[in-house]
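The hints should help you fit chain D onto chain R, whose structure is shown.
There are 2 protein chains.
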Amino acid sequence: MRHTKVKDLLNSTTTLQEVNAKGWVRTFRNNQFIALNDGSTINNIQCVVDFENTPEETLKRITTGAAVSVIGTLVESKGAGQKYEIQVNKLEILGDSDAEKFPMQPKKHSLEFLRENAHLRVRTNAFGAIMRVRSVLSYAVHSYFQQKGFVYVNTPIITGADAEGAGEMFQVTSLPLDNLPKNEEGNIDFKKDFFGKHTNLTVSGQLEGETFAMALGQIYTFGPTFRAENSNTSRHLAEFWMIEPEVAFNDLDDNMDLAEDFIQYVIKYALDNCQDDLKFLEGRLLEEEKSKPQAERSEMALLEKLNFVLENNFKRVSYTEAIDILRDSTPNKKKKFQYLINEWGADLQSEHERFLVEKHFKCPVILYDYPANIKAFYMRLNDNTEPGRETVRAMDILFPGIGEIVGGSEREERYDVLVEKMEKLGIDKEELYWYLDTRRFGSATHAGFGLGFERLVLFVTGMTNIRDVIPFPRTPGSAEF
Amino acid sequence: MRHTKVKDLLNSTTTLQEVNAKGWVRTFRNNQFIALNDGSTINNIQCVVDFENTPEETLKRITTGAAVSVIGTLVESKGAGQKYEIQVNKLEILGDSDAEKFPMQPKKHSLEFLRENAHLRVRTNAFGAIMRVRSVLSYAVHSYFQQKGFVYVNTPIITGADAEGAGEMFQVTSLPLDNLPKNEEGNIDFKKDFFGKHTNLTVSGQLEGETFAMALGQIYTFGPTFRAENSNTSRHLAEFWMIEPEVAFNDLDDNMDLAEDFIQYVIKYALDNCQDDLKFLEGRLLEEEKSKPQAERSEMALLEKLNFVLENNFKRVSYTEAIDILRDSTPNKKKKFQYLINEWGADLQSEHERFLVEKHFKCPVILYDYPANIKAFYMRLNDNTEPGRETVRAMDILFPGIGEIVGGSEREERYDVLVEKMEKLGIDKEELYWYLDTRRFGSATHAGFGLGFERLVLFVTGMTNIRDVIPFPRTPGSAEF
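Chains R and D are the protein sequences, given in the same order. According to the working numbering, the first sequence is numbered sequentially starting from 163. According to the working numbering, the second sequence is numbered sequentially starting from 163.
Here chain R stands alone, though its shape is the one from the complex:
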């Protein structure tokens, strides 16, 4: 007979039929009660073994982690906390799990230990939940954009362009590293490399995405991006997934509206589709925070926090207003900030962003209209600014506990202004001729943003280290599995 998923068994509308369940033993109590999980849900189904008629040697093999198949009758459970259970008629051990050796025993493991066992941690309740929520959030991303008629674009991962300057890049080569070919000048001869030139891993698909937005109108990317930066923090990965929508004819206000609506949609989608997993993760977070002093605990429980984001508009604050708030703030006056805010033009540090979001506004904040000289070359210069106070139509969205989750801008659509900026910053116009072509032929106002997917997953799951929300994290010194 075909087996039925545990999720479907637990949602069954009839009982007393014979069913087959397959999965892994989470616990085995009293030589009688198997808690069986197959990954389809965080919930286990209880399988009641007729231990008096089961050989002792079989019972011994029902250990945590073992794969088993049970055939039996689905009945209403007399036990607490579960609607149904299986009265087992036939039990087969599919694959053993030596209790002395299996690392994922049913006890509390540290997150560090679990990271070292990233191939097995997904067998725990917490990581099963995180990975299901991550998957549902991915689908919400696609659903949102596809319903609105956006075209999904796979921008290249290996790129010959390294002019953008969004961050340090990883090099890609198929040359023999221990015997690199040299040209006549004695330099490495990249003409002999696979692509006939020096190539890197992409740091962003934005520039290529813009070329598609200027033809298809509304596009989005959702793919891996890379930063070879030695940032050993709980918020950085060397390999992470990024979502980058880009929309022709959108200005900065449209861009803020899109980002806010998008984030609220995907969070609502997770709330609607991951109830059991999110409830479990809420409990996990409460448990974790018990060991922290009251002041460091979250003000809201996880589900309350997610609902708060849905029900409240993001606060929109210009950079100039933010500087005024920060300059007059208590931590600035009391010199508690590491970087004191004295004047307009200062780049905002993580401590300032946290103050604004977590102490001052206590909600997600969109900062916009940043000084031109602290932002990227492709951002739209604001009209009518004072000399020395030029700003660009940039925006960052800051989330409590996460910091920057979105960075975006209206793009500089004017060919001459863009070229002048590139020249000033020493960006190679010839290498980016194709990007400039979007401004040479049929240019128009357009805007877009990038959202770091793992930071969104962090926020929704209530986890605090970004390494815990991606299957196999890549960080300085670590590319295991």
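Hints should not be assumed to be uniformly reliable.
Which copy? The list can't say, so a pair holds if one copy fits it or any two copies do.
[Claimed, not checked] In the BS3-like style, the derived pairs of lysine-lysine whose C-alpha atoms are separated by at most 30 Å in a straight line are:
| hint | residue 1 | residue 2 |
| --- | --- | --- |
| 1 | 263 | 583 |
| 2 | 591 | 252 |
| 3 | 467 | 359 |
| 4 | 583 | 454 |
| 5 | 240 | 269 |
| 6 | 498 | 524 |
| 7 | 354 | 240 |
| 8 | 430 | 169 |
| 9 | 263 | 359 |
| 10 | 477 | 270 |
| 11 | 591 | 222 |
| 12 | 477 | 537 |
Keep in mind that the hints were calculated from the coordinates and are not lab data.
Chain D in isolation, oriented as in the chain R frame:
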């Protein structure tokens, strides 16, 4: 006023209201009729300019490729081939397009020329259609698996494992290539590299995917994969997107059922959601094939071919049966095959696959149970085979005009058998300890496959060169944009 997408204007249910459309001029006829496209659909909306009351200098700027905004009245069109048109009251040129310089003039361009202009080719009807179909197919992939409760898993792109042997790999490094650090033995000191070891770009997420399937039950990947192979053909890319589902408790038959159901679902989804684009692409293919001799033309038009795949089961043929068919075939007897089929055990070449699919069966074919020694180490050895005729539970799905579109297998779930195979092939057990852990702890039958996404897009769009179905193709000697 807010502008409305061309697609929505053409699907409007009321007329005579004032509307705003923004897009790019495809053509401008008789100083009066703009064919305006904004990428939301392959169809243009006709905008009728009041040329008598429009300044001559504005009319001159209405050139192919220019971005314009028109405000006017949506009315039923008197012209053929369109339901509605806009009687323009106000026209604004957003971005000019110099007719002497814009490469995408409204005439026939070669596919080679368009490839060199991959940042602009998406502004043509054909590439707009291809990229929209590609996007819809992507969404169909996610929809299929998510509806069935599969968990989307992002397996790592940068990998420290290079043991799998699925193909040549690209190296990833942040070491300075012109000054590589050496260790005491005089070798390159990869401990100083970003990840502290030698790393590559992934050729497949399967092995990592299996670790997740053995916890979550049903998973799929959909991400970029890489091959550093010097294959300059119309079917190979150095960077391509692959879909890899993996299912615990599935055997090879389940795997074939899943693959067939999945492919039929996504093709049906494209037929249901991309009618206009597919009709255009069908016409394009007919036009292209006019220059070919009759014998080389497709037997079916594009939509007919797609419907054929929906309505007919894939033919399932064992390798052994296939060898019998091939040995007795006319091209084998007449020695027309480059590689003659003389005996069981021969690896099948593209010419043999094409004969089976295109001449013999004339439908998609699933070949299964291949000789063990021409397939990968992780495939399940069949029970009860004759000595010297060992086979594995592998399958390949072959499509007319495309060749192999899917490769998959039931996996070897028996620890001892797997280890023996790895030792025989010299595959490092210590490096793959995490993969072996899936067989050490709670092992079970499981199966999966890989589908090359671009080959699917090729099939659905009727294009013949894989470089034309991905935004920015990466091939030997080419990593432009």
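Structure-based check of each hint:
1. 263 with 583: Between copies only: 23 Å across, 61 Å inside.
2. 591 with 252: Neither way: residue 591 and residue 252 sit 72 Å apart in one copy and 36 Å across, limit 30 Å.
3. 467 with 359: Answer is neither: 49 Å inside a copy and 41 Å across each miss the 30 Å cutoff.
4. 583 with 454: Intra 49 Å, inter 51 Å, cutoff 30 Å: neither.
5. 240 with 269: Answer is within: at 26 Å inside a copy they meet the 30 Å cutoff, but 75 Å across does not.
6. 498 with 524: For residue 498 and residue 524, only the intra-copy Cα distance (19 Å) is at most 30 Å; the inter-copy one is 76 Å.
7. 354 with 240: Intra 72 Å, inter 60 Å, cutoff 30 Å: neither.
8. 430 with 169: both (22 Å within a copy, 28 Å between copies)
9. 263 with 359: between (49 Å within a copy, 28 Å between copies)
10. 477 with 270: neither (40 Å within a copy, 51 Å between copies)
11. 591 with 222: Between copies, since 29 Å is at most 30 Å while 71 Å is not.
12. 477 with 537: within (21 Å within a copy, 58 Å between copies)
Checked against the numbered hints given earlier, this structure breaks hints 2, 3, 4, 7 and 10; the rest are met.
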